[in-house]
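S.K.: Position chains B, C, D, E and F with the ligands against the provided structure of chain A, taking the given hints into account.
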Amino acid sequence: MIGYAVTFAFACLALALGLNLWRLLKGPEVGDRVLALDTMVINSIAIIVLIGVATTNNTYFEAALLLAMVGFVGTVAYCKFMLRGDIIE
Amino acid sequence: MIDLGILGEIAIAAMLVLGGGFALVGSWGLVRLPSLMERLHGPTKATTLGLGGILIGSMLFFQLEQGTWTVHELLISLFLFITAPIAANLVAKVHIHALRARHTPTVPGPAGAPPPPPSGADWATHEAPHPGTPASTSEN
Amino acid sequence: MAVSMALHILVLLPFVSALLIAAGATRGRGFHSGIAIAASAIGFALVLSVAGRVVGGEVLAVSTPWVPAIGLDFSLMIDPLGLMFAGLILGIGLLVAIYAHFYLAKGEATGRFFASLMLFQGAMLGIVISGNVLLLLIFWELTSLSSFLLIGFWRHSAEARQGARMALAITGGGGLVLIAGMLLLGIVAGSFDLMTILQSGDVIRSSPLYPVILVLILIGCFTKSAQFPFHFWLPHAMAAPTPVSAYLHSATMVKAGVFLLARLWPVLAGTDLYTVIVTSVGLVTMVFGAWVALFRHDLKGILAYSTISQLGLLVMLLGFSIEMAAVAAVLHILNHAAFKAALFMSAGIVDHETGTRDIRRLGGLAKVMPITAVIATIAAAAMAGLPPLGGFISKEMMLYETLEVGLFGLPWLVPVLATIAAMLSAGYSFRLAAHLFFGAPRDAGPHARAHDPGLGMWASPAVLVVIAVLLGLAPMVIAGPLVASVASAVIGSAAPPLDLSLWHGVNAALMMSIAAVLVGALLLWRHAGLLRRYEALRHLDAKELFQRGMAGADARLRKLMVATHRPSLQRMLFATFAVVLLLIIEGASAGGGSFTGPREGLPASPIAIIAWLLLIAATGAVLMEERQRFRVLIYISVIGLIIALAFVHFSAPDLALTQISVEVVTILLLLLALNLLPKSPPILSSNPRRLRDAALAVAGGLGVGGAAWAMLTRETNDPISAYHLANSYSGGGGTNVVNVTLVDFRAFDTLGEIIVLGIAGLAIFALLEPTARGVAGARLRKWQEDMPHSPERHPLMFVMATRILLPLVLAAGIYIFLRGHNQPGGGFIAALVVAIAFLLQYLASGFDWTDARRRIGEHFLIAFGVLVAMATGLGSLLFGANFLTSAFDYFSLPLIGEFELATALLFDVGVFAVVFGAVMLALAQLSHISQRAARAHAAQLKAEKLTHEEGEP
Amino acid sequence: MRRLIPHPGLSVLLVATWMMMLNSLTFGGLFVGIIIGILLPIFTAPFWPGRPDVNFRAGIAYFVLVVWDIIVANFQVAAIILFKRNRDLRPAWLVIPMELDTPEAITVFAGTISLTPGTVSTDVSACGKFLLVHALDAADPDAEIARIKARYETRLKRVFA
Amino acid sequence: MTLEFLVASAIGVLVAGGIYMALRGRTFQVVLGLTLFSYAVNLFLFASGRLTVNRPPIWSKDIVEYADPLPQALVLTAIVITFGMTAFAVVLALRSFLESGSDQVDGDPCESGLNDNLPSDDSGGERP
Amino acid sequence: MSLIAHLASAPVVIPALAAPIALLVMRRRHGLGVGISLASCTAMVVAALVLLAASADGTIRTYEIGSWPAPFGIVLVVDRLSAIMLTLAASLSLLAMVHGVLTRADRKGWHFHPLFQFQMLGLNGAFLTGDLFNLFVFFEVLLIASYGLMLHGQGPARLKAGVQYVIVNIVGSSLFLIALGLLYALTGTLNMADMGLRVAAIGPEDQGLLRVAALLLVSVFALKAALVPLHLWLPRTYAVSTPAVAALFALMTKVGVYSIIRVVPQVFGDNAGAAAWAPAPYLLPAAIVTAVIGFAGVFVARSLSGQAAYAVIGSTGTLMIAVAAWQVDALGAALYYLVHSTIAGAALFLVADVVARRRASFVDKASPGPLFAQRQTVGLLFMAAAIAATGLPPLSGFIGKLLILEAVADAPWWGWAWGAILATTLIGVIGFARTGSAIFWKEAAPTDGAEPSSIKRADMIAPVAAIALLAALSIGAGWATAYANAAAAQVFDPAAGVRAVLGEG
Ligand code: NA
Ligand code: NA
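Line order of the protein sequences matches chains A, B, C, D, E and F.
1080 is the number of the first residue of the first sequence in this note's numbering; add one for each residue after it.
305 is the number of the first residue of the second sequence in this note's numbering; add one for each residue after it.
761 is the number of the first residue of the third sequence in this note's numbering; add one for each residue after it.
119 is the number of the first residue of the fourth sequence in this note's numbering; add one for each residue after it.
114 is the number of the first residue of the fifth sequence in this note's numbering; add one for each residue after it.
6 is the number of the first residue of the sixth sequence in this note's numbering; add one for each residue after it.
Take the hints with a grain of salt, since some may be wrong.
As the list claims (entries may be wrong) - Quick list of the computed label-pair ranges, beta carbon to beta carbon:
1) C/P971 <-> F/D415: 14 to 24 Å
2) E/R168 <-> F/W282: 33 to 43 Å
3) D/E217 <-> B/P435: 12 to 22 Å
4) D/D260 <-> C/P1366: 42 to 52 Å
5) F/A428 <-> C/L1373: 54 to 64 Å
6) D/T220 <-> C/P1366: 43 to 53 Å
7) C/L1373 <-> D/E217: 48 to 58 Å
8) C/V963 <-> F/A428: 22 to 32 Å
9) F/Q379 <-> C/Q959: 34 to 44 Å
No lab work stands behind these hints, which were simulated from the structure alone.
Quick caveat: nothing in here was measured; it's all calculated off a predicted structure.
Glycine residues also receive a C-beta, built at the ideal position from the N, C-alpha and C atoms.
Pulled out of the complex, with its shape left as it was, chain A reads as follows (with noise of 0.2 Å):
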């Protein structure tokens, strides 16, 4: 059962990354488009974890982790440079 739920669960998150993708290309905005990325990095950081739970291995954690702990650094960089230009000022 729980096999049928990750593969469930994973092709929830290969369709999500594939309307992310459409957005990201899409636009229209700037802020579309990071909000695409920002999405991916969140589904991107499911989908890490549930890599660990297909394969029984914790290993992967840290990846996850560290996707959600410096992975808005960059949206919110994008979001300083659309606001200020200067991202450090």
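M.R.: Frame of chain A; chains B, C, D, E and F with the ligands shown alone:
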């Protein structure tokens, strides 16, 4: 290995399905909602819960399947709790800034342009926060 | 004196004296000339001291191994031929030095002059007494170099500079050809020892390489000896001071070619090829030189062409491949040296006294300069081949020998042309003497203050003229034994019986001589008319041709080089990719084997396919929207994310961690830079170019992707990493094999890697530190923001979030650092995480606020980190182990439990410090400059506003 | 004491975080965690000037409430995304007057609003007295403002006493 | 479809993209091209250990099979070095732009190291 | 283990310590930093000489970093070839450093001394390592340090050239990694000796891939060596660099040549199947064209530094002609000429600087300028450097060229090689004679009157020393060529290397 009860299995599977489902819904919202401000709601919430579901599923899984407590997932949630609103906030700021600056692809959504605050001051994105107010985190 | 010492002194003396003169270059003329005269005199005395033994048949030789690998020995050898030339070089060198002392004005750079002169003397001596042909080549090239300095002595004159360069180009180039010839000669002979080569004549002449060797060596000789068509450098070398001409063009430089022809006569001569080439080149040169000499007006020009002609004579004689002709050549070498040096010196005196060398402005000088007139007239008579002078004897011998030689099957050709040449040379000799010293002065100006110079100046030519006379009057006494022994040395066997005298009875040669003199007189008589006709003809000026050729070559080469070497990065990269691509294609097709290997593939899950699609789409988007720089960065982020996921999927957690954190820092960096760069630049490339680039890109992608496919579908080949897996825990004390590899098995790589990063930090600092000044500073000040920015610097929520994130992320960093040895993580990733935590502060709260709160400078961190890593590595030396050997142990403390301590962890501290320091240094510098730019902008706006307000009322 | 433990809440959070990262309960781990919990806030104190007074009990209660709200409201948003047509949506801007007066409190308030579904904090006014919030589907903006103020701001005022 | 195909084709696409971008005329594009190229290179180097799913090289007593740790260590080193190089290149590109006002990668045709800022008819500064 | 056993690591340890220490002390005490830097260079010379002497008898010294046995750990290998390169690098570093300090070039920007020491670390590491990936790492160390040094002092020309130099080399490094990946995938090892053994066992189905790897790897080295057509990056980069740095850079192309010499016989030698000597057919034509292009550049360049830069290319071409014969005596000749041409190139750059410093705005352009200080001596120095660069007697270049000519005489293509070498010599001679006569002989009235005030003779120390080294190399040519030939013989006996590195087993 601890015997995995059917209930545990159901719980894990439910959490994973829920999580996957929410993640998908969040990303679907990103695609179908009419403008950036609406789209912003999808990922920041549905996706967090989606991830939350998967995290809880994972925690349960390692507890029930492996007999090892993992609390790493909570840590991930903690960080997301802190970072997700910031990301959303900044994207929103970019939007209203672009609206005001008339950057071309940016158009107001169904809610229109944001109204100004009732006081004389404008929003911080348009007007530097006044010194001495809580909104001001001046350099010193 | 021991032979070896004498020889070494002989060859070293000029060089040592050149050095001495150069060292005392600022001292007086007397010092310089004194050393030169003394050195030449000592050398000459040395030659005289051994002359008896050598003429007596003894060959003095000494050899020291120098470069055995190529058979280059420092071998010196004096046989009669070498002796004669050494005597000429030193004897005439002595006279020239004396002459030059008086000739050169006080203010001239006599130090430079005499140093170069002695250098040249040494080089010439080296040529004639080398016992090893490679050594000879060295001296040969040295004569070209030192003559370059001598000819260009009056460097303010363009003539001198061009003449020097031309001489260098021709004689130096000929020397290079000679190298090829000599090397082949030595290779065929099996040795570069001169004696061995001289004994290998038969082997060489029968070698299939003989024609090649011959031609190459002849080119070397002909260029040096100014043979047609390489003659044209010589007249232009006349831009040199006269002592130089007297030296170079009488007995030395130009004679080097003749010397070498004579030297190698036993080896090369005797074949039809040799005879045809050498004889005809000599003959043509002889006639041509004499013809031109007849119509020159510059005294030195006349002498130059006469030298060309006389050298042609010598070459022709050697070309006959007849023993008696060789004897005649030897004798004429002596004669020519004597009269030509005397003539050059006389010309110099005339020039010195009258201020001109134009024969059309001179005349009747015999009245005012009688001594000079006597000397020069006798010398000219010798040159004309008048009895009872030495010139007559050798010329007559030459004419006699011409009768023995048939060229191209025409027995009359050589004698007739030789006689014509003799007529012409008589003609120009007569003209030289007559127009210079006799008749009426043609131009009062130069004539006015002319008088004979002091003894110092005329002594040298006088001595030479005396010799020239004696060579005619008592040839057998003066030169008989020498010529005989030299001739036998040239021939390689005993010389034919020698009978040098003025009178050999009435024979064809005498008739030809008489004809020559008569016609010569006729030419003098009818000179004016002939000259008009000569000048009416259009003459091909070889110098002009040479210079035009040179300029043309320069222009064309230059155009080609500039066109192909445009500093275009696009070209550089295109060339690189194209070369590599071609090599990949070649390797794959020539190497053979299969494309797809036998390894079974792993099935791809739908999510893997979607991730792949994401990557492809993002890459495509990068290419489609390459000019939308900001968007492109977002797409790059996607690619980075997918690659991190791939690393997770493919069991590489450490890599995933690294990829994630590096990605963030890279994006920050790119955004910082992008802010100051143009955001969407205009299109630069044309469409065909884009197509071409795209084709190359696709091909490159197929190549590398194909290689990846081929690699991935093959089985592994017993990789050494099995050892790492097996020894990681037991030998390295850690379960994370990747980390143990980094800090232990391959810690040396990691040391290099952190140093790379440290250097990058330092170099970035060095690059950006001065940016606020100079042009960049001005540009920064002019920098205009290209979009309206939000006035809010530090968004509230963001700032507050970072306050709690900093300690949390730092804790995570510590955790990642500590667990690295056993679980994914380690110093590098921890450093990046910590750096990101701090960068977040910079992002949120600004540079100044954050920087004021940081405590440790980045420079210190980098230095400290490298030192810690090095100290860890060197620490193992104390325990007798190799550099970077690690140690670890498990300890136990109450309450805390068991824990591990490993030196590798200390090493990782070094890694941490360097990486953190470098990342912070790079980004802080970069952000600083943006900040400065912004400030400068604000300051400018303020200033503008002020002036605006001032202008208002 | 204030210099030794500048942010007690942070110290506790750090120890908890550390233990979560270690993923095991050992004395050794706790020992290191406590050291980190003490040292890191001291080290990072310059980066967090000012110390909000926090009522931890109220804080924990607030946290539980928010988590619950997140879960519940997530379903609402999911329903909107899945089932509500775009033209039926009633997105609106809410301008919420704030009584909170520390940046920490405002941040938590705004963060809460963002995390709880249906609303995203967009901006604070330059005077610091108003919060701009975007609501995904708010038929009655004023009621929504009142709800948010009542549910979160009132409680937060107690947390940041 | 196999993972090997996905990886190999991704490498190929990244290489193609990298080359194309690197051949553009502006520093920023070139740097991005190098970034794409280095992604591909890192993947390639990683792939030299072949693809392995779910066997991270964390040693444990009872596990026999692991992914090859060596390429991973090499790629880690390569990533770090590439980062340093990229950072330097970016800064240099910026610095050069600030100095010259142009972000073109191609130099002035007159600076080929041949220093032909002298009139071209002057043969080495020497006139007949 | 005695200290002498650790000596093999000295050439990397010394600069790796000196650089950070100099970095630390430089901020407060410049003089002390300079002292450390000079001391480090001197120590490297001493260490290299000791290794040179110790390797003379043919011993191959290995040093296992971290005590991990080869091929599993990284091993340093000191044979005659490494010893030669180390000695050359150290001597050159001392020259360049002395010049940099005397001309105060080290003060014209930041971090000259640390960067310089790191550069030496990279060079020495590259010459020492027996591990292919480690070679890559040291390549990167020396490259990034060279970027910093190349841009030292800055200015628009340097920055523009720097962008190209850096980017081309980044591409080169990426290609290096691809080649490394292929080789590891095929052989499962990174140790060069081990790889040489393992290539023999590669099956027929993998030969194409192996050959691709070989060609790719060598083309990367060819890029570093600046062989045509991969040479385009060099002229401007070297011409605009700070002269003290450019002098050291004269060695940089030789690192590429060294790598080719090191890797091809050892890894892609006789038993490498389809990859055996795979690059050989391409190296010779490339070398010949490189020599021609290089000296054509010398002919047309109008500044001394430009000529020096092209001379570096030309000399590499000449050198590679000999290497491309892949025979012991030719390689011996190549090694001798390598040492010579490196020092000669450095001498040219240094002399160009000496000239430029005295001619104010005329710098080292080949246009007549006003009289300048010590013209006589500088002119002589230039002549000596030009003689060295073109390979005329009496300096060692002539012997080097004779060696090469003789060594390739029995190759079927000897005519091409001889023609190229001799013709390029002439082209070079004419080129240098032209610029020399324009600068040292021709005069022009001062136009801007900005004659540099008092230039001391001290800046001639380094170029004079370089010329003296060449003279010594010429006088001691017997010994030097014997050593070079022995080194070449060692290169062509990979089995001995394998025994030394992997043990008898
Ligand atoms: Na590490
Ligand atoms: Na070790």
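S.K.: State, for the Cβ atoms of E/R168 and F/W282, whether the hinted interval 33 to 43 Å holds or is violated.
M.R.: 39 Å, holds
S.K.: D/T220 and C/P1366, beta-carbon distance inside 43 to 53 Å?
M.R.: At 49 Å between Cβs, range holds.
S.K.: Given the range 54 to 64 Å, decide if the beta-carbon distance of F/A428 to C/L1373 lies inside it.
M.R.: 58 Å, holds
S.K.: Indicate whether the distance between the beta carbons of F/Q379 and C/Q959 respects the range 34 to 44 Å.
M.R.: For F/Q379 and C/Q959 the Cβ distance comes to about 51 Å; the hint is violated.
S.K.: Within 14 to 24 Å or not, the Cβ separation of C/P971 and F/D415?
M.R.: Between C/P971 and F/D415, where Cβ atoms are some 19 Å apart, the hint holds.
S.K.: Verify the CB-CB distance for C/L1373 and D/E217 against the hinted window 48 to 58 Å.
M.R.: 50 Å, holds
S.K.: Holds or violated: the 22 to 32 Å window for the beta-carbon distance between C/V963 and F/A428?
M.R.: Holds - the Cβ-Cβ distance for C/V963 and F/A428, about 29 Å, lies within 22 to 32 Å.
S.K.: Kindly confirm whether 12 to 22 Å is satisfied by the beta carbon distance between D/E217 and B/P435.
M.R.: 21 Å, holds
S.K.: How does the Cβ-Cβ distance of D/D260 and C/P1366 compare with 42 to 52 Å: does it lie in that range?
M.R.: 47 Å, holds
In this structure, the one hint that does not hold is number 9.
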